[in-house]
Amino acid sequence: MDHRQPCTSISPGARAWDTGAGGSGPTLYGPLPGLTSLCPACSELDYYDSHNVNTRCQKICDQWDALGSLTHSRREALEKTEKQLETIDQLHLEYAKRAAPFNNWMESAMEDLQDMFIVHTIEEIEGLISAHDQFKSTLPDADREREAILAIHKEAQRIAESNHIKLSGSNPYTTVTPQIINSKWEKVQQLVPKRDHALLEEQSKQQSNEHLRRQFASQANIVGPWIQTKMEEIGRISIEMNGTLEDQLSHLKQYERSIVDYKPNLDLLEQQHQLIQEALIFDNKHTNYTMEHIRVGWEQLLTTIARTINEVENQILTRDAKGISQEQMQEFRASFNHFDKDHGGALGPEEFKACLISLGYDVENDRQGDAEFNRIMSVVDPNHSGLVTFQAFIDFMSRETTDTDTADQVIASFKVLAGDKNFITAEELRRELPPDQAEYCIARMAPYQGSDAVPGALDYKSFSTALYGESDL
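Sequential numbering from 1 applies to the sequence shown in my numbering.
These are computed hints drawn from the structure, not numbers from a lab.
Where hints are given, some of them may not hold.
Unchecked claim - Cross-link-like lysine-lysine pairs, in silico, DSSO-like; alpha carbons within 27 Å at most: (1) Lys-154 with Lys-184; (2) Lys-83 with Lys-154; (3) Lys-285 with Lys-205; (4) Lys-97 with Lys-83; (5) Lys-136 with Lys-187; (6) Lys-136 with Lys-184; (7) Lys-205 with Lys-136; (8) Lys-97 with Lys-136; (9) Lys-166 with Lys-83; (10) Lys-97 with Lys-80; (11) Lys-154 with Lys-80; (12) Lys-166 with Lys-80; (13) Lys-415 with Lys-322; (14) Lys-184 with Lys-97; (15) Lys-263 with Lys-230; (16) Lys-194 with Lys-136; (17) Lys-253 with Lys-230; (18) Lys-253 with Lys-322; (19) Lys-263 with Lys-285; (20) Lys-341 with Lys-230; (21) Lys-322 with Lys-421; (22) Lys-166 with Lys-97; (23) Lys-166 with Lys-154; (24) Lys-97 with Lys-154; (25) Lys-205 with Lys-194; (26) Lys-194 with Lys-184.
The structure presented is a predicted model; accordingly, all values stated were derived computationally and were not measured.
Build the full structure now, drawing on both the sequences and the hints.
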């Protein structure tokens, strides 16, 4: 090899790199014009050591070309790594965009699955079950979304590992890690069957409650109307004029027996109501009757039948004591019923006044009439309740229609008790009359003043006349 070969024999690529023209290396190193001009100068001067100079220059040029190649390779590697990091960054961003709403969905799902529920009807629990079934139908899609999100994370890791890229840390766009996603997903999977069990248990409870409601309603819808019907029937017996008072009394006692015989139906209803209370059931759309309504109605029925029987018995006693005929009793009842517009079994003051006027009493709206009406009201309504019962009406009417005969009848009765004497003694009264009646008569009878009087003789004639009017005897 000619050691004086000029340096111009350096490869074009090296020169290109050297000058920067057409090369891809960085211009940081710049051209080497001094080196390329040194070799020709040495040859022209016929420098004795030009061979070594040329060899040294060639080595330097070769090293420069190698440096250019390494720089180019480094640049390509950096650009490649940059693109890979950009891909990883895009994957991290995509992961964050999808992981955040999915994480929120899982948190909301866990909250709903653990949420306490309070229902009172089958419809309400069935609505919750339907909503839960709809939620469960979304789980396969949710699982696919979870797997897709995790696949994004795995792809970013794969790219980093295959290219020996050491990532600085966790995803810079989110704190939701795959571990968090998997943990919450596992929690959701555990909560779903628990929710299933709770809903089915509540459904069974509500079905049992519905059975109790229907059972109570079925019985209450029979007992309630039965009580109401009996109340109406008893009311009709007491105000209608069918048969004698004895017939009415017989009918009423039959009703009383039927009421007593019906008591087991009420007891059954009480047992059913107890079950409803224990189940904490507070409403029942299958009936308008509550146990409280039934109890009140039952007590009213018992009170009404007892009171009505007592009233009819008193009417019988009044009729017999004052000799009122059945026809007169029916007339009294007809008059009373005519003015008892609401069929309540009692007359108000205005109704009673209208009744008296129809019977010929002078109780018109003037001073004298008002005074007379007030006197009569004090007799028939001594407690000032504002109501006149049929019993009080009978007592008043019987006294008004039988007073002229009663005096004679009472005198005749006392004469029998006195052994046909014109006077009677306290001893005879106590012997013949009940204690309260005897003491009443003794306290009010004046001493007998006749010529045949004996010590302690009492005048029963003046007593009878004072109470019942003048006698014809």
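To see whether the hints hold, each was checked on the structure:
1. Lys-154 with Lys-184: 19 Å, holds
2. Lys-83 with Lys-154: 18 Å, holds
3. Lys-285 with Lys-205: 17 Å, holds
4. Lys-97 with Lys-83: 21 Å, holds
5. Lys-136 with Lys-187: Since the Cα atoms of Lys-136 and Lys-187 sit roughly 14 Å apart, the hinted pair holds (cutoff 27 Å).
6. Lys-136 with Lys-184: Measuring from Cα to Cα gives roughly 16 Å; hence the hint holds.
7. Lys-205 with Lys-136: 23 Å, holds
8. Lys-97 with Lys-136: Roughly 24 Å between the alpha carbons, so the hint for Lys-97 and Lys-136 holds.
9. Lys-166 with Lys-83: 15 Å, holds
10. Lys-97 with Lys-80: 26 Å, holds
11. Lys-154 with Lys-80: 20 Å, holds
12. Lys-166 with Lys-80: Roughly 15 Å between the alpha carbons, so the hint for Lys-166 and Lys-80 holds.
13. Lys-415 with Lys-322: Holds, at about 18 Å.
14. Lys-184 with Lys-97: Holds - the C-alpha atoms of Lys-97 and Lys-184 are around 18 Å apart, at most 27 Å.
15. Lys-263 with Lys-230: 13 Å, holds
16. Lys-194 with Lys-136: Since the Cα atoms of Lys-194 and Lys-136 sit roughly 13 Å apart, the hinted pair holds (cutoff 27 Å).
17. Lys-253 with Lys-230: 13 Å, holds
18. Lys-253 with Lys-322: 25 Å, holds
19. Lys-263 with Lys-285: 25 Å, holds
20. Lys-341 with Lys-230: 21 Å, holds
21. Lys-322 with Lys-421: 24 Å, holds
22. Lys-166 with Lys-97: 23 Å, holds
23. Lys-166 with Lys-154: 15 Å, holds
24. Lys-97 with Lys-154: 16 Å, holds
25. Lys-205 with Lys-194: 17 Å, holds
26. Lys-194 with Lys-184: 15 Å, holds
Checked against the numbered hints given earlier, the structure satisfies every one of them.
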